[in-house]
Structures are given as C-alpha cells and as structure tokens.
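Chain by chain, the residues run as shown.
There are 2 protein chains.
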Amino acid sequence: MSEPTQTRRDFLRATGATVAAATPLVAAGDVVAAMAGQQAVPTPPAKTFGYAVVGLGGLSLSDILPAFAHTKSSRLTGLVSGSVDKARALAAQYGVPDKGLYSYDTYDRIADNPDIDAVYIVLPNFMHAQYTIRSHKAGKHVLVEKPMANTTKDCDEMIAAAAAARKYLAVAYRLRFEPYTQAMIKMVRDKELGKPKVILCEAGFNTRNPDQWRLKKKEGGGGSMMDIGIYAVNAARYLSGEEPTEVFGMEYSTPGDPRFVEVEETINFQMRFPSGVLANCVSSYGTNLNRFRVHAENGSFEMEPAYSRRALGMRVFRGNVIEQRNLREPDHFAAMMDHLAESAAKGTPPLTDGVDGRNDMRVIEAIYESVKTGRPVKV
Amino acid sequence: MSEPTQTRRDFLRATGATVAAATPLVAAGDVVAAMAGQQAVPTPPAKTFGYAVVGLGGLSLSDILPAFAHTKSSRLTGLVSGSVDKARALAAQYGVPDKGLYSYDTYDRIADNPDIDAVYIVLPNFMHAQYTIRSHKAGKHVLVEKPMANTTKDCDEMIAAAAAARKYLAVAYRLRFEPYTQAMIKMVRDKELGKPKVILCEAGFNTRNPDQWRLKKKEGGGGSMMDIGIYAVNAARYLSGEEPTEVFGMEYSTPGDPRFVEVEETINFQMRFPSGVLANCVSSYGTNLNRFRVHAENGSFEMEPAYSRRALGMRVFRGNVIEQRNLREPDHFAAMMDHLAESAAKGTPPLTDGVDGRNDMRVIEAIYESVKTGRPVKV
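First to last, the sequence lines map onto chains A and B. Per the working numbering, the very first residue in the first sequence carries number 1; after that it's consecutive. Per the working numbering, the very first residue in the second sequence carries number 1; after that it's consecutive.
Since the hints were derived computationally from the structure, they do not count as laboratory data. Just so it is clear, CB atoms sit at the ideal spot from N, CA and C, and this is done for glycine as well. Mixed in with the good hints there might be a few duds.
Label pairs and their in silico Cβ distance ranges [to be verified]: (1) A/108 with B/313: 56 to 62 Å; (2) A/153 with B/205: 53 to 59 Å; (3) A/324 with B/351: 34 to 40 Å; (4) A/308 with B/355: 40 to 46 Å; (5) B/310 with A/324: 22 to 28 Å; (6) B/192 with A/99: 38 to 44 Å.
Taking lysine to aspartate or glutamate and the EDC-like style, the derived pairs with C-alpha atoms no more than 16 Å apart in a straight line are [as the list claims (entries may be wrong)]: (7) B/195 with A/257; (8) A/195 with B/257; (9) A/378 with A/365.
Please work from the sequences and hints to get the whole structure.
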C-alpha cells in the first residue's frame with residue numbers, strides 16, 4: 001500500500017486509538033485534534049486505490065457504496081450502470097467525477113482512466129466471467145461477487161485473463177476479512193478443542209420475488225446453491241482448510257412453486273475431507289439458515305449468524321461451558337476492498353483468489369452432478 | 001390403571017396441586033396435611049404396576065432404579081442380574097423382596113410372580129430380542145431399551161411374541177414422555193412457523209472405554225448409530241411425523257483407534273421424507289452432538305440439549321426474536337414407565353410401540369447398507 005496509509009495504521013496502533021464505524025478522515029481528524037499542541041501532527045492518510053463499482057443493484061446500494069466511508073485505502077472512482085440517471089445520482093451522492101461514469105457500451109474505456117485501479121463486479125452471475133475478462137484486458141484488478149462464475153470453465157478463463165494481464169483477481173468472500181470468522185478458522189485449524197470431526201454448515205433464506213434473475217437458470221447458473229449454499233461450501237472449506245474429495249446431494253424443490261420452476265429450492269449435501277472430517281450442509285431458498293458449527297473431540301465452535309453482513313454471533317462450547325465472544329467487527333466490504341488494495345500495493349496475491357473461487361464452483365458442480373445422478377461424486 | 005391412581009390423578013388435577021421431584025407418597029401426604037380439617041380426605045394412591053428391571057448396569061443404577069421414586073403408578077418389584085450380591089444389595093436399598101430376585105438362569109420363573117406386571121430390559125443390545133420374547137412368554141408386558149434389537153428380523157419376532165402373549169411391547173424412547181419434545185412435535189406438526197423444510201438432528205459423544213460391549217459388533221449390533229445415532233433417526237421421524245423414503249450415509253472411523261476396530265465412529269446421513277422435508281443427521285462416537293433443529297418457512301425450532309436425561313434446552317426462532325422456553329421437566333424414566341402402566345390399565349397400545357422401534361431399525365439398516373454400497377438406499 002502507499003506510504004500514507006501505512007503511516008496512519010502505524011500511528012493508530014501506536015496511540016492505541018480505535019476507529020469504529022466512522023469515516024477514516026473524521027477519525028483521523030479526531031486523533032489530530034486530540035493531539036493538538038503536541039509536536040508531531042501526522043498527515044491524514046490518502047485513499048489512493050480507486051474502485052469502479054460495476055452494477056448498481058441492491059447490494060451495491062445497501063452495502064458496497066456505503067462501505068467506502070469505512071475504507072482505509074480504497075476510494076470510489078467509478079460507477080458502471082445501464083442507467084445513466086441512476087449513475088449520475090449516485091455519483092453526486094458519493095462524489096464520483098463525471099469521467100468515472102460508464103455504461104456497459106462504454107465499459108472498455110475504463111482502460112484509459114488511471115483513477116480506476118480495480119473494479120468490483122456486482123452483476124448477475126452469468127455476467128461475471130465476461131466483465132472480469134474485459135476488466136483484466138483493460139488493465140484493472142478485479143474483485144468479483146460470489147459465485148465467481150456459473151461454470152468452472154468460465155473460472156479458468158477468468159484466472160487466465162488475470163494472469164495474462166498481470167493483475168489480481170479476487171472473489172468477494174467478505175467473511176474472510178472479519179475477525180469472528182478469522183478467529184474460528186484459527187481455533188479450528190489449531191485444534192484448540194482437539195481434532196475436528198464433523199462440520200455443519202447451513203445457509204439459506206426464504207426467497208421472495210419469483211421474477212428475480214437469481215431464479216432464472218441461465219442468469220443465476222442454478223438456484224439456492226449458487227447464491228447462498230455457496231456460503232456453506234466455502235465455510236466447510238475454510239474451516240477445514242481442506243478440499244473435499246467426495247460429495248453427495250439430495251434436492252427438494254416444492255412442486256408448483258413459481259420460484260422453483262427453473263432452479264432448485266433446497267439441497268442437503270455432504271462432503272468428505274481428506275483428514276476424515278465429514279461435513280453436513282444445507283442450501284435453501286425456502287427457509288432461513290445462517291450457521292456453522294465445528295464439532296471437535298473436546299467441544300465445538302459455532303457461529304450464528306455466520307454469514308450476515310454484520311452482527312455475527314459466536315459461541316465456543318468447551319466442556320460444559322458455553323463461551324460467548326464479542327469481537328469488534330469492521331465493515332466486511334471495506335475490509336475486503338482494502339485487502340485487494342493492499343495486495344496490489346505489496347504484490348502479494350489476495351487471500352480469496354480465483355483458485356479459491358474456482359474451488360467452490362468445482363464442488364458445486366459436483367453436488368449438482370450428484371443430485372442429477374443420485375450418486376456420490378468424487379471431486 | 002387401577003382405581004386409586006386414577007382417583008389421585010383426578011384429585012391432583014382438581015386441587016391444582018403439583019408434585020415435583022418428590023415421591024408421590026410424600027407429596028400425597030402433603031396434600032392430605034394441607035387439607036386437614038376438610039371433609040373428604042383422599043386415600044394416598046397405591047403404586048400397583050410392578051416392574052422387574054432386567055440388567056443392573058450403569059443406566060439402571062444411575063437413572064432407572066432411582067426413577068421409581070418419581071412414578072405415580074409404577075413400583076419396583078423385581079431385579080434380574082447375573083450377580084447375586086449386586087441384586088441383593090440393590091434389593092435392600094430399593095425395598096424389593098427376596099421373591100423378586102432372579103438370575104438369568106431362573107429368569108423364566110418371573111411367570112409365577114404376580115407382583116411383576118412388566119419387565120424393563122436394560123441388557124446389551126444383542127440380548128434384547130431373546131429377553132423380550134421370554135418375558136412375553138412369561139406373560140409380562142415389556143419395556144425394552146433402545147435400540148429395540150440388532151436387526152429388523154429380531155424386531156419382527158419380538159412384535160409377534162407380544163401379539164401372541166396379548167401383552168404390550170414398548171421401546172424406551174423416554175423423550176416422547178417429556179414436555180419439551182412434546183411441545184416441539186406439536187408446534188412442528190401444527191406448522192406454527194409454516195411448512196417444515198429442513199430437519200437437522202445430531203447425536204453423539206466422545207466415547208471412552210475401548211473394551212465396552214457397545215464397541216463389539218456382535219453385542220452392540222453396530223457402533224455409534226445403534227447407540228446414539230438412533231436418537232437422530234428417532235427425532236427426525238417424530239418431528240416430521242413421517243417415515244423416510246430414501247437415505248444416504250457417509251462414514252468415517254479413525255484408522256488405528258482401538259475403539260473403532262469393529263464398529264463405526266461417525267456416520268453423517270441424510271433422509272428424504274414424503275412431504276419433501278429433507279433431514280441432515282449425524283451419529284458420532286467421536287464428538288459431542290446433542291441437538292435438533294427444524295427449519296420451517298417462517299422460522300425454526302431448536303432443542304439443545306435435545307437428548308439428555310434432564311435439563312433440556314429449547315429455543316424458537318420466530319423472525320428476529322429468539323424465544324427461550326422453560327418447561328417443567330419430569331423424570332423421563334418415571335413418566336415412560338407410568339405410560340406403559342397406563343396403557344396396560346386402559347388397554348391402549350403404548351405410544352412408542354414395537355412398530356415404532358422397528359421403524360428406527362429399518363432406517364438404520366438402510367443407512368448401513370448405504371454406507372456399505374456407497375449408494376442412496378430406498379427405505
């Protein structure tokens with residue numbers, strides 16, 4: 001990352017100041033004010049890593065655009081939308097200059113905009129591959145929403161495009177950048193409660209509008225598994241630190257339900273990992289599920305909510321004692337965007353790279369094959 | 001049931017008196033004292049339904065024998081053990097007369113003891129069928145510990161023996177007689193939170209002594225599934241109120257672990273029910289698991305602990321509200337023993353009859369077949 005940000009981070013660490021849910025500039029201002037009269041007044045850090053957000057749907061409006069208020073090094077420098085009016089209104093609200101506004105027709109011109117270092121692709125699933133590849137060709141780093149693409153074949157092409165452009169490709173697994181998930185991963189992999197035996201991951205919600213693109217096979221690539229079940233797949237993988245060798249899935253989709261004409265409602269699935277850990281998982285568009293639990297020899301680790309955008313919950317079952325822990329939770333999106341900024345600055349690959357995203361898709365394809373054939377499938 | 005007990009129950013209902021964790025005689029005495037000076041003084045109820053407990057291992061000592069202090073109509077009138085000394089000592093402690101003491105050699109003479117109405121069989125699994133059949137031949141009702149037997153073939157013979165003797169055969173699924181489980185079943189089947197979609201049941205513990213009979217294939221009939229996983233099978237069945245049509249299981253048993261030379265450690269299994277509900281379950285001898293959860297359209301129902309002998313926990317997730325409920329929990333074993341006493345008195349079959357027990361075994365056999373063949377199995 002650029003020097004000013006490093007300096008600011010070191011400064012905050014040195015003074016012990018904490019900044020919660022406030023814009024960094026304001027927070028830095030407070031620190032500066034608090035230090036008035038002292039000798040060294042640090043310069044407020046600059047946000048130097050520019051993002052264009054591609055696709056201005058619900059998630060962009062509710063979480064991604066507001067997250068730039070909480071970033072340390074990332075700033076919003078571009079907006080890409082099919083609607084000029086929407087883009088202009090948001091540009092005014094978030095301070096994006098006119099030269100940062102693009103339609104899908106003019107998209108490739110981002111190549112000429114030096115203020116855009118990376119794009120954050122928040123388009124419907126079936127467009128992820130195309131826009132990732134075009135963005136890399138335009139010389140940009142890419143952060144792409146999950147699922148990375150609708151097929152592993154597309155994932156391969158995206159990974160190749162990143163390599164050819166010598167740019168980073170990251171998949172937006174925001175939970176890897178928040179402290180509860182990070183603490184869980186560390187405790188499980190450190191075998192704090194002994195050898196992990198069983199992993200349970202359930203992700204789902206009762207989806208509403210039957211007309212949304214997520215319920216169209218071509219656009220969503222599948223149903224609940226592509227959108228929400230992927231959290232369970234991803235969690236079982238990050239908790240175990242392993243890739244499954246075998247999967248089995250059982251589907252149920254309510255007959256006559258207009259939401260599930262093209263795609264699946266619920267898939268219960270199992271995964272076998274090389275160490276012997278067995279995972280039981282659920283993906284559903286019919287009921288709320290938002291939990292994982294790792295059962296080890298001497299106790300268990302639970303998160304519920306496990307996949308929400310904020311206010312996660314964590315419990316550790318140690319013998320007869322249930323420990324509830326409260327950790328300081330940053331804006332997941334801000335932390336994730338800053339991670340790619342840092343990766344780019346340092347020249348180190350992002351944590352949730354294209355291979356990570358492809359590994360989820362590989363498992364999901366195997367689960368779909370199992371559901372289709374009624375047989376367990378080797379991954 | 002005999003008249004005095006009916007009278008007492010009606011009396012307690014009429015006065016609104018409650019009797020918690022005290023012997024009925026003492027409690028009845030309190031009620032009598034409270035009513036001193038009033039006109040009608042009810043007779044303390046007699047415990048008229050006599051049980052012989054067959055097998056004096058850990059469960060009998062820790063829970064079953066002490067439970068007779070909490071029964072309304074059941075009394076301990078017999079003890080059957082291979083150890084004369086152990087039987088004599090317990091007989092003295094629990095007030096069982098000499099004529100109620102039997103060894104396995106003299107077992108069939110229970111036929112001549114009119115104080116024994118029923119036997120409660122607490123022997124190793126492989127002896128359940130033989131002792132159930134001998135008990136029915138001796139003209140006794142039978143309450144047999146779970147699993148009912150090691151094979152469905154044995155279950156069939158047990159059911160036939162009960163029919164031939166015109167006596168009741170009940171399987172000791174004690175949770176059906178405690179109010180948390182009963183409340184859960186009612187709420188789920190009444191669709192209080194909409195249509196149930198996914199059932200999760202996990203039952204397990206980290207078993208210790210490698211030399212116990214439960215870890216011998218011939219004696220236990222199998223491993224964790226027979227002993228503890230059966231709770232998950234049973235729960236998925238009583239919660240849904242349905243019988244599964246298809247199962248799939250994945251096993252892992254730690255290589256080189258002396259506990260799992262003959263039998264399985266962990267099986268993760270799935271069940272499909274006719275209504276479309278899918279169940280994800282775990283059976284394990286390697287880690288503590290003690291929970292079920294039913295996810296419906298508008299929320300979920302959870303019990304944890306779900307299968308313990310006391311101090312169960314219940315949560316209802318209704319929208320964003322988590323309701324924790326505390327119900328008065330009787331002694332599970334006392335309630336179960338009294339239920340069979342009542343069944344016998346009324347001439348109504350017990351709730352957890354031989355068919356119920358056989359249905360669990362049918363599912364377990366299908367899960368074992370799935371594990372062996374690596375294929376889903378139709379039940």
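To see whether the hints hold, each was checked on the structure:
1. A/108 with B/313: 56 to 62 Å: holds, 58 Å
2. A/153 with B/205: 53 to 59 Å: Given about 45 Å between the Cβ atoms, the range is violated.
3. A/324 with B/351: 34 to 40 Å: Holds: the Cβ-Cβ distance is about 38 Å, inside 34 to 40 Å.
4. A/308 with B/355: 40 to 46 Å: holds, 44 Å
5. B/310 with A/324: 22 to 28 Å: The hint (22 to 28 Å, Cβ to Cβ) holds, given that residue 310 of chain B and residue 324 of chain A are roughly 23 Å apart.
6. B/192 with A/99: 38 to 44 Å: violated, 57 Å
7. B/195 with A/257: holds, 13 Å
8. A/195 with B/257: holds, 13 Å
9. A/378 with A/365: holds, 11 Å
Violation of the numbered hints given earlier is confined to hints 2 and 6; the remaining hints are satisfied by the structure.
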